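So the protein lines, in turn, are chains S and H. Per our numbering: the first sequence = residues 6 to 242. Per our numbering: the second sequence = residues 6 to 242.
Just so you know, these hints were derived from the structure itself, not from any lab. All values reported here derive from a predicted model rather than from experimental measurement. Hints are supplied without guarantee of correctness; some may be wrong.
What the hints assert, rightly or not - From the structure, some residues in chain S lie toward chain H, with a derived Cβ separation under 10 Å: (1) Leu127; (2) Pro129; (3) Pro241.
Said to hold, decoys possible - List of simulated lysine-lysine pairs, DSS-like, C-alpha gap at most 27 Å: (4) H:Lys182 with S:Lys107; (5) S:Lys158 with S:Lys128; (6) H:Lys158 with S:Lys52.
Stated by the list, open to error - Chain S is nowhere near these chain H residues, computed Cβ spacing over 10 Å in every case: (7) Leu187; (8) Glu223; (9) Glu229.
Backbone N, C-alpha and C fix where the C-beta goes; we use that ideal spot for every residue, glycine too.
Here is how the chains run, residue by residue.
There are 2 protein chains.
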Amino acid sequence: MNLILLNDNDFIAEYRVRLTGRRLEHIRTVLRADVDTQLRVGLLNGKLGNGLVEQIDSEFIELTVSLTEAPPEKLPVTLLLALPRPKALKRVLQSVTSLGVKQIYLINSYRVEKSFWASPTLKPENLHEQLLLGLEQARDTILPEVHIRKLFKPFVEDELPGICEGSKALVAHPSSKLNSELEPNHPTTLAIGPEGGFIPYEIEKLEASGFTTFSLGERILRVETAVSVLLSQFLPL
Amino acid sequence: MNLILLNDNDFIAEYRVRLTGRRLEHIRTVLRADVDTQLRVGLLNGKLGNGLVEQIDSEFIELTVSLTEAPPEKLPVTLLLALPRPKALKRVLQSVTSLGVKQIYLINSYRVEKSFWASPTLKPENLHEQLLLGLEQARDTILPEVHIRKLFKPFVEDELPGICEGSKALVAHPSSKLNSELEPNHPTTLAIGPEGGFIPYEIEKLEASGFTTFSLGERILRVETAVSVLLSQFLPL
Numbered sequence: 006m007n008l009i010l011l012n013d014n015d016f017i018a019e020y021r022v023r024l025t026g027r028r029l030e031h032i033r034t035v036l037r038a039d040v041d042t043q044l045r046v047g048l049l050n051g052k053l054g055n056g057l058v059e060q061i062d063s064e065f066i067e068l069t070v071s072l073t074e075a076p077p078e079k080l081p082v083t084l085l086l087a088l089p090r091p092k093a094l095k096r097v098l099q100s101v102t103s104l105g106v107k108q109i110y111l112i113n114s115y116r117v118e119k120s121f122w123a124s125p126t127l128k129p130e131n132l133h134e135q136l137l138l139g140l141e142q143a144r145d146t147i148l149p150e151v152h153i154r155k156l157f158k159p160f161v162e163d164e165l166p167g168i169c170e171g172s173k174a175l176v177a178h179p180s181s182k183l184n185s186e187l188e189p190n191h192p193t194t195l196a197i198g199p200e201g202g203f204i205p206y207e208i209e210k211l212e213a214s215g216f217t218t219f220s221l222g223e224r225i226l227r228v229e230t231a232v233s234v235l236l237s238q239f240l241p242l
Numbered sequence: 006m007n008l009i010l011l012n013d014n015d016f017i018a019e020y021r022v023r024l025t026g027r028r029l030e031h032i033r034t035v036l037r038a039d040v041d042t043q044l045r046v047g048l049l050n051g052k053l054g055n056g057l058v059e060q061i062d063s064e065f066i067e068l069t070v071s072l073t074e075a076p077p078e079k080l081p082v083t084l085l086l087a088l089p090r091p092k093a094l095k096r097v098l099q100s101v102t103s104l105g106v107k108q109i110y111l112i113n114s115y116r117v118e119k120s121f122w123a124s125p126t127l128k129p130e131n132l133h134e135q136l137l138l139g140l141e142q143a144r145d146t147i148l149p150e151v152h153i154r155k156l157f158k159p160f161v162e163d164e165l166p167g168i169c170e171g172s173k174a175l176v177a178h179p180s181s182k183l184n185s186e187l188e189p190n191h192p193t194t195l196a197i198g199p200e201g202g203f204i205p206y207e208i209e210k211l212e213a214s215g216f217t218t219f220s221l222g223e224r225i226l227r228v229e230t231a232v233s234v235l236l237s238q239f240l241p242l
């Protein structure tokens with residue numbers, strides 16, 4: 006937690022917040038803050054700034070906050086991800102959020118195990134938790150939107166063309182030719198398949214919707230690694 | 006397991022191997038191979054090729070193998086990693102191996118929790134297992150070397166200058182200036198700190214050994230994400 010994320014209902018006065026629960030616990034036991042300690046704070050979907058500890062005990066903490074800074078730039082990437090297994094999904098959501106992606110579509114694919122769709126990880130409150138962890142990690146405040154699309158064909162045929170509009174649409178596919186299709190400053194819609202990849206029918210459907218296939222090279226990477234590797238191309242390194 | 010890794014003692018004749026245990030289980034239940042199925046195989050620290058299933062049952066599998074292809078290129082990166090917490094270490098070792106790093110130093114830092122050094126994850130057989138998983142994932146055969154260095158100062162003073170020789174030495178450090186120090190084709194020694202970063206004394210010691218600090222940008226990334234992001238700069242994308 007490199008940032009204390011605030012909600013509107015934490016405010017007890019215009020510049021004063023009162024926190025309990027997980028954030029209080031973290032501030033007390035990990036950050037070991039005391040009265041007069043300065044903390045990095047940010048309003049969810051708002052600005053960043055500093056919080057000065059006014060009062061702290063085992064029940065609650067009160068901070069005077071000043072929120073003046075814009076959150077970091079978002080990545081110009083819409084991510085389409087074949088639903089990974091639940092444990093990997095949690096990590097991927099955190100890391101994708103920490104890297105600044107704001108639009109995430111979890112989609113179906115022939116090689117996605119049906120049981121994954123029944124995982125409690127997909128409940129809105131559990132998705133929300135992973136997104137918050139990613140924001141707190143990266144000191145960002147803008148919550149990504151996660152869209153769940155359990156039917157591949159209608160999604161690709163009816164909705165995807167609208168999503169892709171004005172962006173470069175790319176799908177990572179091991180057997181295609183290696184090329185440098187990624188353009189760091191261009192809005193991009195990036196599709197990443199499941200373990201084992203999209204099947205040929207799915208690749209054809211994506212190509213029909215304007216996607217270009219490209220390869221990450223000889224090495225086959227786990228989805229968690231592949232996602233970070235691909236998104237890193239959009240970071241200012 | 007995108008590759009069946011073979012050891013010298015799997016061979017029962019010049020071109021024939023017999024496998025049991027984890028690999029047999031995977032070939033039967035995940036790959037669902039039968040007689041005449043072709044599988045991707047590779048000799049640990051040797052060449053890659055194909056294996057033809059000659060015989061398979063619940064006890065063992067026998068393959069005729071042809072090993073003619075070189076493994077994928079390694080990354081020109083020596084990685085110095087402040088020891089992460091055990092669960093993260095496993096994932097980092099797998100992903101770093103899958104990306105082609107061959108020299109990994111697990112080092113101490115003020116912010117590394119002492120208990121991490123007592124983790125069973127650091128036992129040679131457990132490290133070996135994670136490395137194998139990374140090789141199997143990425144279809145590589147060349148086992149990375151993992152070096153454990155529990156004392157920061159003597160390591161940095163006595164051993165590190167030799168390790169860095171002829172390479173560009175860089176340390177990722179959040180508060181330094183953002184710059185594009187990474188040179189994809191140049192041998193590089195890359196140091197990545199613990200959660201919270203190296204302390205100023207450690208940065209000074211690294212700088213005295215020829216390291217340049219650089220920043221990954223505004224966003225603070227978990228070590229697993231940071232490692233993939235940084236190593237991806239050396240991949241042919």
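Structure-based check of each hint:
{"no.": "1", "hint": "Leu127", "verdict": "violated (22 Å)"}
{"no.": "2", "hint": "Pro129", "verdict": "violated (24 Å)"}
{"no.": "3", "hint": "Pro241", "verdict": "holds (6 Å)"}
{"no.": "4", "hint": "H:Lys182 with S:Lys107", "verdict": "holds (26 Å)"}
{"no.": "5", "hint": "S:Lys158 with S:Lys128", "verdict": "holds (23 Å)"}
{"no.": "6", "hint": "H:Lys158 with S:Lys52", "verdict": "violated (41 Å)"}
{"no.": "7", "hint": "Leu187", "verdict": "violated (6 Å)"}
{"no.": "8", "hint": "Glu223", "verdict": "violated (4 Å)"}
{"no.": "9", "hint": "Glu229", "verdict": "violated (7 Å)"}
Hints 1, 2, 6, 7, 8 and 9 from the earlier list are contradicted by this structure; the remaining hints agree with it.
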